[in-house]
Every structure is written in C-alpha cells, then in structure tokens.
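Enquirer: Single-letter residue listing:
There are 2 protein chains.
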Amino acid sequence: MATIAVDAMGGDKAPVPEVEGALKAAREFGHSVVLVGDSESVRRELEKQGYARDLPIEVVHASERITMDDHAAKAARGKKGSSMHLCARLVADGKADGFISAGNTGACMAIAKMILGKVPGVDRPALSGVFPTMKGTPVVVLDVGANVDCEPQMIAQFALMGEIYSRCVLKVTRPRVGLLSIGEEEHKGNALTRDSTPLLKDLGVEFIGNVEGRDLFSGLADVIVCDGFVGNVALKLSEGLVEMIRSMLRESLESSLAGKIGYALSRSAYADFKKRLDYSEIGGAPLLGVKGVCIICHGRSDGHAIKNAIRSAAEYASSNMNQRIEEELREFAQAG
Amino acid sequence: MATIAVDAMGGDKAPVPEVEGALKAAREFGHSVVLVGDSESVRRELEKQGYARDLPIEVVHASERITMDDHAAKAARGKKGSSMHLCARLVADGKADGFISAGNTGACMAIAKMILGKVPGVDRPALSGVFPTMKGTPVVVLDVGANVDCEPQMIAQFALMGEIYSRCVLKVTRPRVGLLSIGEEEHKGNALTRDSTPLLKDLGVEFIGNVEGRDLFSGLADVIVCDGFVGNVALKLSEGLVEMIRSMLRESLESSLAGKIGYALSRSAYADFKKRLDYSEIGGAPLLGVKGVCIICHGRSDGHAIKNAIRSAAEYASSNMNQRIEEELREFAQAG
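Protein chains in written order, with the working numbering: chain A, 1240 to 1575; chain B, 1240 to 1575.
Next comes chain A alone, as it looks inside the complex (with noise of 0.2 angstroms):
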C-alpha cells in the first residue's frame, strides 16, 4: 500500500473534500494519507466525518495557504510553508510516494517542478489530462497547460510520457499516439504539427498520425498530444460545453410537466450518463515528467475525485513509470 500526500488546504471547499477523500482511500484501498494543512481544521473536519483511529491517516501543519488567486511563481519562491510545499518536501524526502493538490494549478507545477525536479533527460513536464471516451477506456491528452509555445522536440517527449502512462498505469496494451491537429492528412496543421509528425514517426511508438478535435473523446486514440494552449482551450472548453449541454437539458425537461415526469422515471439513466462523463471518476492531472509523483485536481474536487486522485497517484507511484521515461528518452536520444 502506498503513501500518499493530500493537500488539504487546495480546492475551493478545502478541506471538507480532501478530508472526505483521504477516508474513503484509507477505508476502501488501505493506502496511508497524510493530510498537509491547518492541523486544527483539518482535524476537526476529521472528527466531524467520523475519523476512526485505526484507519492509516496522519495530519501534518502547514502554517501558510497558496490560494486561487496568487500569482504561481510567486507563490512557489515565496510561501515555503505552505501545504503545498510540504506535500512535495514528503514526497522529495521520500516520505511520501506522491501527492496530490486541488489548489492552483500554476503554483502546483511550479512547486512540483522546483522541489521534486525533473526526471533526467525530460526537458519540459506535461501536465496530463486523463478523460472518459465513448469506447470506454479513458485517454491522455497532453499538455494542457504547462507549456505553451511548445518545439517539436517537446512533443515528442510528451508523447513518449504519454504513451508510458497509457501502458504502465492505465494498463493499454499498446497505446495509439495521435497528434492533435485540423486534418487528417499529414501536410494540415500547423507549423508545429507539421515539424513534429517525423519525430512522432521515429519514436518507436504506435503513432497512427494526426486526429482532429472531433476525436479527442471517440476512443480513436488512447494518448494525444498537443501545444499546451490548444490542450487548455481544448479542456476548459470540454468542461464548459459539459456544464452548457446539462442544463440546457434540465431547462427543457423542467419546461413541462411531462418533461418532469419524464425526467422523473429515468433519473437511474441520468444518473448513469452523468457517471460516464464524470471527469471525476479519474481524479485528476499527472504532471508527468517530474521526478515523483503528482496529480493535480480540478479546484472544485469532491470527495469522491479527491479518492480517485489518491487511487490514481498510487497507481502511478507503484508503476516505476518515471524510470521507464527516463531510460526510453535515454535509448531515444542515443537513436536520434
């Protein structure tokens, strides 16, 4: 069982879910959890949702907070007593076997970057979204967000991270690699696209050419990479079509009376659907590539994703995948 560490002072409602989260992975998978923040509300929150001694969680302080709204280098140069810089230390210390935040996103990878370092050969690491596709087995797509303004050299290495997840932790027998692009044949795209798709071809993994925006949920492909400006635009876009999609939905429904009966009888099938496209089953973003492990949460993380968060980086962290990137980009180098 692993240990992993939570930042209990990251997501909008903290530490409420993380608190949630930590219980429901110590209960249902056994793993340590060492929850980082204020120790006085977070234990508090503890004995409120029913904290039993004998479940492994330990509570360790953090005096300062990173908040939403703190510029992220900033804030990584400057609060170094926050929960975020105390989960990293854990896990540089080997304290901890990874950790886990639902705070700022940007301070999050500065930190991760700064205290863990970056596994050898990597030269940029990716922040790694892992979402839900209509055949069922989730894809990765990165970056999506770390780095914007990317070289080709970039994305080839964050398809070589890409694929090692897909195979390692999520257990892909052998990983499609498609390049997000706006055409299928080779010459469309961009400069980027274009300048990437040889390295793409030498990388030695099943790369099955350029997928377009439509394919980014069909399953087409299990890893996509992309510039990290498209892949936030891509994301947040997603998130916001899901939300916009809902409650046109419930709008409609709520319109008529049968609308409401209608809604009524098939709550079970909402439930469901909801479920499926639920980014939450997963937990969270690995920022592969840095030297431990870390996935960061959407801030608005419940306790259910914080849980998954914690199944994900434990999964990870037993899947020696950051040696695996390190010797694959070693062998790639020496071919290239």
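Hints are not guaranteed to be accurate.
[What the hints assert, rightly or not] Quick list of in silico lysine to aspartate or glutamate cross-link-like pairs, EDC-like style, CA-CA up to 20 angstroms:
{"#": "1", "chain 1": "B", "residue 1": "Lys-1313", "chain 2": "A", "residue 2": "Glu-1478"}
{"#": "2", "chain 1": "B", "residue 1": "Lys-1499", "chain 2": "A", "residue 2": "Glu-1493"}
{"#": "3", "chain 1": "A", "residue 1": "Lys-1313", "chain 2": "B", "residue 2": "Glu-1423"}
{"#": "4", "chain 1": "B", "residue 1": "Lys-1374", "chain 2": "A", "residue 2": "Glu-1478"}
{"#": "5", "chain 1": "A", "residue 1": "Lys-1313", "chain 2": "B", "residue 2": "Glu-1478"}
{"#": "6", "chain 1": "A", "residue 1": "Lys-1427", "chain 2": "B", "residue 2": "Asp-1388"}
{"#": "7", "chain 1": "A", "residue 1": "Lys-1440", "chain 2": "A", "residue 2": "Glu-1424"}
{"#": "8", "chain 1": "A", "residue 1": "Lys-1374", "chain 2": "B", "residue 2": "Glu-1482"}
{"#": "9", "chain 1": "B", "residue 1": "Lys-1374", "chain 2": "A", "residue 2": "Asp-1308"}
{"#": "10", "chain 1": "A", "residue 1": "Lys-1427", "chain 2": "B", "residue 2": "Glu-1390"}
{"#": "11", "chain 1": "B", "residue 1": "Lys-1334", "chain 2": "B", "residue 2": "Glu-1490"}
{"#": "12", "chain 1": "A", "residue 1": "Lys-1313", "chain 2": "B", "residue 2": "Glu-1425"}
{"#": "13", "chain 1": "A", "residue 1": "Lys-1374", "chain 2": "B", "residue 2": "Glu-1478"}
{"#": "14", "chain 1": "B", "residue 1": "Lys-1427", "chain 2": "A", "residue 2": "Glu-1425"}
{"#": "15", "chain 1": "A", "residue 1": "Lys-1427", "chain 2": "B", "residue 2": "Asp-1308"}
{"#": "16", "chain 1": "B", "residue 1": "Lys-1313", "chain 2": "A", "residue 2": "Asp-1308"}
{"#": "17", "chain 1": "B", "residue 1": "Lys-1313", "chain 2": "A", "residue 2": "Glu-1493"}
{"#": "18", "chain 1": "A", "residue 1": "Lys-1374", "chain 2": "B", "residue 2": "Glu-1490"}
{"#": "19", "chain 1": "A", "residue 1": "Lys-1427", "chain 2": "B", "residue 2": "Asp-1309"}
{"#": "20", "chain 1": "B", "residue 1": "Lys-1427", "chain 2": "A", "residue 2": "Asp-1308"}
{"#": "21", "chain 1": "B", "residue 1": "Lys-1374", "chain 2": "A", "residue 2": "Glu-1493"}
{"#": "22", "chain 1": "B", "residue 1": "Lys-1374", "chain 2": "A", "residue 2": "Glu-1490"}
[Claimed, not checked] Just some of the chain A residues that point at chain B, by a computed CB distance under 8 angstroms:
{"#": "23", "residue": "Gly-1384"}
{"#": "24", "residue": "Gly-1428"}
{"#": "25", "residue": "Asp-1434"}
{"#": "26", "residue": "Ile-1447"}
{"#": "27", "residue": "Gly-1452"}
{"#": "28", "residue": "Ser-1457"}
{"#": "29", "residue": "Leu-1459"}
{"#": "30", "residue": "Phe-1468"}
{"#": "31", "residue": "Val-1472"}
{"#": "32", "residue": "Lys-1475"}
{"#": "33", "residue": "Ser-1477"}
{"#": "34", "residue": "Val-1481"}
{"#": "35", "residue": "Ile-1484"}
{"#": "36", "residue": "Ala-1497"}
{"#": "37", "residue": "Gly-1501"}
{"#": "38", "residue": "Ser-1507"}
No lab work stands behind these hints: they were computed from the structure.
Small disclaimer: the values here were computed from a predicted structure and weren't measured.
Built from N, CA and C at the ideal position, the CB exists for glycine as well.
Got chain A sorted already, so can you dock chain B onto it with the hints?
Expert: Using the frame of chain A, we list chain B on its own:
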C-alpha cells in the same frame, strides 16, 4: 429580395438537401435561388420535391464537381467548370448577391479568395463560425480554419471583421470582443495572444480581454478571436462532444424500461433541447473579408440548414458590411 447561388453538388447528400433548402428559402423568404450543378439531376430532384414553376428558382449547369477528397488548391486551380467555381463567378459578375456551399471547405475558401478577391485592406479572409450560446444571442468565432500560424495584425483584423458582422448582420448593439486564451489575466496566454492584446485594445471595439475555452458558448462575448488552428480544433471538438453526449444519453435512456418511458414522455423537451444546440439553425460559416458573400455549410447540412444559410447570405448581402470592413480597416490603418 436577394438572389443567392447555391452549390447544388456540395454536401454529402447533394443535391437533395440543397434542393430542399432552395425550395424552402424561396417559399418562406421569397429569395431567388440559382441552383448550380449537374442540371439533369438537379431538375430531377426539383420535380421529385414538388417544385412549382412560379417559385423564383433557376438552374445553372456545371459540368464538374469538387469532392471532399479533392486537394483544395488543386481543385481551385484545376476544376474551373465546377459548381463551386460557377457559384463564385455568378457573385463576381453581379448575377448573384452571394453564394453558399456545403462542399470541400478548403476548396471553397480557395475559390472564393481567387474569384471574388479580398476586401481592400484585408490581409487574410477568415472563416467565421456562428454558434448558439447559453444567453441566446449567437457568438461569432474566427478564425476557425482558414489561417493557421497567425500574426497579431491578422488577429486584430479578425476582431474588426467579426465585430462588424455581429453588429451589422446579427444586429448586436455593442458587440463584446474576447481573445481566446488560457487565463483571464492579460499576461496569460502564448506569444500570439500577448502580442495581439495591445492591438485589440487600440481597435476601438468593446474589447473585454482574454476569454477561456469554457466561455466559448457562455455568451460572455459576442465575438471571439483566435488563430485558425485553435479555432478549428475548438469547432470540431464541440461538434464531437455534442454528438458523444447525445449518444451516451440515448444509450443510458434505452438501457431500462423506465428510461424508455421517460424518454417518450419528454420527447418535446428533447426536441427543444436539440434545437437549441443545433448549429443548423444558423446555417453556415461566413468567409469574412472576401469581396462578396460566401457562406460555407457543414457537409452534413440538411435542407433546414441550407435554407438558413441562404437566409444568412441574404442578410449578409443586404448589410453593406464589406464596405464597412473596408472603411474601418482604412481608419484603423490611418490611426495606427
């Protein structure tokens, strides 16, 4: 009433939806329609769909057809007798006020630029998606695929053209213009968005700064500008996601008897929901910046979408907006 040329050989099921849309537009709006394509099959389809001789519909024969598999630039240079070429010629010669096509988007853009030319002052015409939003008023997103690897000057021109379209054609009083980026703060984004911001501020439009992917359909902005690569990924992602959500919902509802009954009871709510999400209510994407009116429709457009595209083309043609683009670009160039 306007005269609109319709490429009758464009869409995936041509000429069926084209003929249907032409008949509807002629009947409902009184617009004259010139159907351009293989005259024999167009006439046969007109008879089949109950064409009445008093309707203002004309057929012009085209000996060639551009398919979805044709290379855009080659088809534009080579297939001079195609229905797409002839449509553009009718506009250039003043015999039609605008044209629409549901055919090969790349070829259509190339032909429109070649035959119609550009509005003086426009560097690069932009394909402009028009989408429904949560608030009801449609949003204009440009560029969605005509120009990848944009310069800041191009983004500024897109903003000006989109703002004029929103104001003059969609009748939005003071359109708010947003720049698609990955954070609300000005410094967040990539090199292109950062360099475009000062130009957008000086444009004299209601520039509201950066908007994120989640705001695309929220109604926060009336016009959203971006590089054509990002815009095209966003457009296709949205299409794919809407389809995926619909099919997941259907599957969930069909998996139980209660769900099926619920679905049957709420049928009108679903019809309303579908209509609100339906791009075909708007009809097509105008190619802004060409001298004349060109609207490009989805290859899968049905008769309803074609009808609405004819209506949009007529509204565009009667708006004098190309003259405004020319004037406002001149003012901007003199001020800059």
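Enquirer: Mind listing which of the numbered hints don't hold for this structure, in increasing order?
Expert: The structure breaks hints 1, 5, 9, 11, 14, 16, 17, 25, 26, 29; every other hint is satisfied.
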